[in-house]
Amino acid sequence: MLWFKNSFPTALYAQTRLQQAPQIAVKACAYQVLERPSLFHQRILELIASAEHRIMMTLLYLQDDEAGNEIMQALYEAQKRNPQLYIRVYVDFHRAQRGLIGKGPQNTNSQMYLRYGEQSDNPVAIYGVPVKRREIFGVMHMKGFVFDNTVLYSGASINDVYLNYAKRKYRLDRYHEIQSKELADTLCRFTADLFHQNFAVQDFSQGEVKGIKEIKNEVKTLQRSLANSQYSFKGCRRLQDDEVGITPLVGLGKNNNQLNRSILWALASARKNIFLCTPYFNPPKAVLETLEQALQRGVEVSIVVGDKCANDFYISPDEPFSPIGAVPYVYEQNLRDLVVKYQKAISNDQLKIYLWENGQNTYHLKGIFIDRNLAIITGNNLNPRAWALDLENGLFVHDPNHLLQEKFMHEKQYILQYTRRVRTPDDLESFENYPEQVQKLLNKVRRFRASFILKKLL
Numbered sequence: 001m002l003w004f005k006n007s008f009p010t011a012l013y014a015q016t017r018l019q020q021a022p023q024i025a026v027k028a029c030a031y032q033v034l035e036r037p038s039l040f041h042q043r044i045l046e047l048i049a050s051a052e053h054r055i056m057m058t059l060l061y062l063q064d065d066e067a068g069n070e071i072m073q074a075l076y077e078a079q080k081r082n083p084q085l086y087i088r089v090y091v092d093f094h095r096a097q098r099g100l101i102g103k104g105p106q107n108t109n110s111q112m113y114l115r116y117g118e119q120s121d122n123p124v125a126i127y128g129v130p131v132k133r134r135e136i137f138g139v140m141h142m143k144g145f146v147f148d149n150t151v152l153y154s155g156a157s158i159n160d161v162y163l164n165y166a167k168r169k170y171r172l173d174r175y176h177e178i179q180s181k182e183l184a185d186t187l188c189r190f191t192a193d194l195f196h197q198n199f200a201v202q203d204f205s206q207g208e209v210k211g212i213k214e215i216k217n218e219v220k221t222l223q224r225s226l227a228n229s230q231y232s233f234k235g236c237r238r239l240q241d242d243e244v245g246i247t248p249l250v251g252l253g254k255n256n257n258q259l260n261r262s263i264l265w266a267l268a269s270a271r272k273n274i275f276l277c278t279p280y281f282n283p284p285k286a287v288l289e290t291l292e293q294a295l296q297r298g299v300e301v302s303i304v305v306g307d308k309c310a311n312d313f314y315i316s317p318d319e320p321f322s323p324i325g326a327v328p329y330v331y332e333q334n335l336r337d338l339v340v341k342y343q344k345a346i347s348n349d350q351l352k353i354y355l356w357e358n359g360q361n362t363y364h365l366k367g368i369f370i371d372r373n374l375a376i377i378t379g380n381n382l383n384p385r386a387w388a389l390d391l392e393n394g395l396f397v398h399d400p401n402h403l404l405q406e407k408f409m410h411e412k413q414y415i416l417q418y419t420r421r422v423r424t425p426d427d428l429e430s431f432e433n434y435p436e437q438v439q440k441l442l443n444k445v446r447r448f449r450a451s452f453i454l455k456k457l458l
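Numbering (the UniProt record's numbering), first residue to last: 1 to 458.
In case anyone wonders, no lab produced these hints; they're calculated from the structure.
Built from N, CA and C at the ideal position, the CB exists for glycine as well.
There's no promise every hint is true.
What the hints assert, rightly or not - Calculated cross-link-like contacts (lysine to aspartate or glutamate; reagent style DMTMM-like; alpha-carbon spacing at most 25 angstroms):
(1) LYS285 to ASP337
(2) LYS407 to GLU357
(3) LYS440 to ASP318
(4) LYS220 to ASP203
(5) LYS27 to ASP242
(6) LYS272 to ASP203
(7) LYS27 to GLU406
(8) LYS169 to GLU357
Claimed, not checked - Distance ranges between label pairs, derived from CB positions:
(9) ASN122 to GLU429: 51 to 61 angstroms
(10) ASN443 to ASP312: 39 to 49 angstroms
(11) GLN111 to GLN360: 25 to 35 angstroms
(12) LYS444 to GLU52: 52 to 62 angstroms
(13) GLN405 to GLU357: 37 to 47 angstroms
(14) LYS440 to LEU39: 37 to 47 angstroms
(15) ASN149 to ASN348: 27 to 37 angstroms
Take the sequences, apply the hints, and build the full model.
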């Protein structure tokens, strides 16, 4: 059966395609869910300290703050103890060379990487990966840390908030620890083979790097290569009774994106339940249509999103306004549209929408559970940007014997702990009650008919 742009798979076809995907066999007892950001922080430090052969980290950024410096120091101490230790850190090229949006002049993360490098005879390699020539058109959003044969996968990057540094405040994500040499080898092999084809990927610890204009041809070559590449691994013939199967996938761009395609297959394969989490409610059209088809099949769909106050771009009305502060309100308007359209499904409890909010903490959690036999662990925000612009990856966890269901159920309950149900549009703040500056900005976007373009970039 061919895959057409405007067609959607039947449940049986989707189930078949997912079952045909190669899988890495992992003992269920070797799979742990950490849940709390403080545990994620602790495990990173423990795994860095105990690493004997290799450390490989892919993340959007490693921030120049207290948590970021703590991780940098841990990496350098590990390198000093064992000069033969293979350490490679990959971050987005553009993000490393700018400060936080709306915060004024700042030192950049790349300056921190260089500062540490200049103080060492054996610098830790921290590479900037330029997926596109400009950040607005795409970033390196792959996630996953490898410490010897341990994979620590999360959608989180590294800064004070992601790691709940000093227990001040946190940004909630998912944190899965997997013991698997084959999975660790697979993730490391991809970065080694794909990121070092040319001079587009540069080491910030070695000194000043070439500007994007100087490497534009190399970036174009890298982009083309990444868009046509996939994780390479042998896979198992058949899972044993005590094993789960993991299929790692990577994707870049709208065309022939195996990660996107498999996410749609996963949603289309659902027979009873879909549990979907995303921090930014701006789903691609294909995802919305596949969810609608699931509702028509009688599937129960639960969606957990962050309240606008739990969005990392949210600016309190009593603080100075910045245009970026309007973004959470755009997501809330998207959610309102969904509630209005599917009010009947919400009223009969077939569609359940949850808003997460917990004080000053923020919500960055993403992923999908399908029935009792499939989970998707990913950094993909399930929005048009992730769908078409950024380099994304994810782990599809096949659990035919329901070996991880207790752990996954516990994780779901932890996620839902600080949520409230949205049952009608009145459960969301109305446009008329938004801060005046937000109203003006959103009205201007509508007036210039820029909503479509804006949503493609968010």
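Hints versus structure:
no. : hint                                 : in the structure
1   : LYS285 to ASP337                     : 14 angstroms, holds
2   : LYS407 to GLU357                     : 23 angstroms, holds
3   : LYS440 to ASP318                     : 17 angstroms, holds
4   : LYS220 to ASP203                     : 19 angstroms, holds
5   : LYS27 to ASP242                      : 6 angstroms, holds
6   : LYS272 to ASP203                     : 48 angstroms, violated
7   : LYS27 to GLU406                      : 15 angstroms, holds
8   : LYS169 to GLU357                     : 13 angstroms, holds
9   : ASN122 to GLU429: 51 to 61 angstroms : 54 angstroms, holds
10  : ASN443 to ASP312: 39 to 49 angstroms : 24 angstroms, violated
11  : GLN111 to GLN360: 25 to 35 angstroms : 28 angstroms, holds
12  : LYS444 to GLU52: 52 to 62 angstroms  : 57 angstroms, holds
13  : GLN405 to GLU357: 37 to 47 angstroms : 27 angstroms, violated
14  : LYS440 to LEU39: 37 to 47 angstroms  : 43 angstroms, holds
15  : ASN149 to ASN348: 27 to 37 angstroms : 48 angstroms, violated
Violation of the numbered hints given earlier is confined to hints 6, 10, 13 and 15; the remaining hints are satisfied by the structure.
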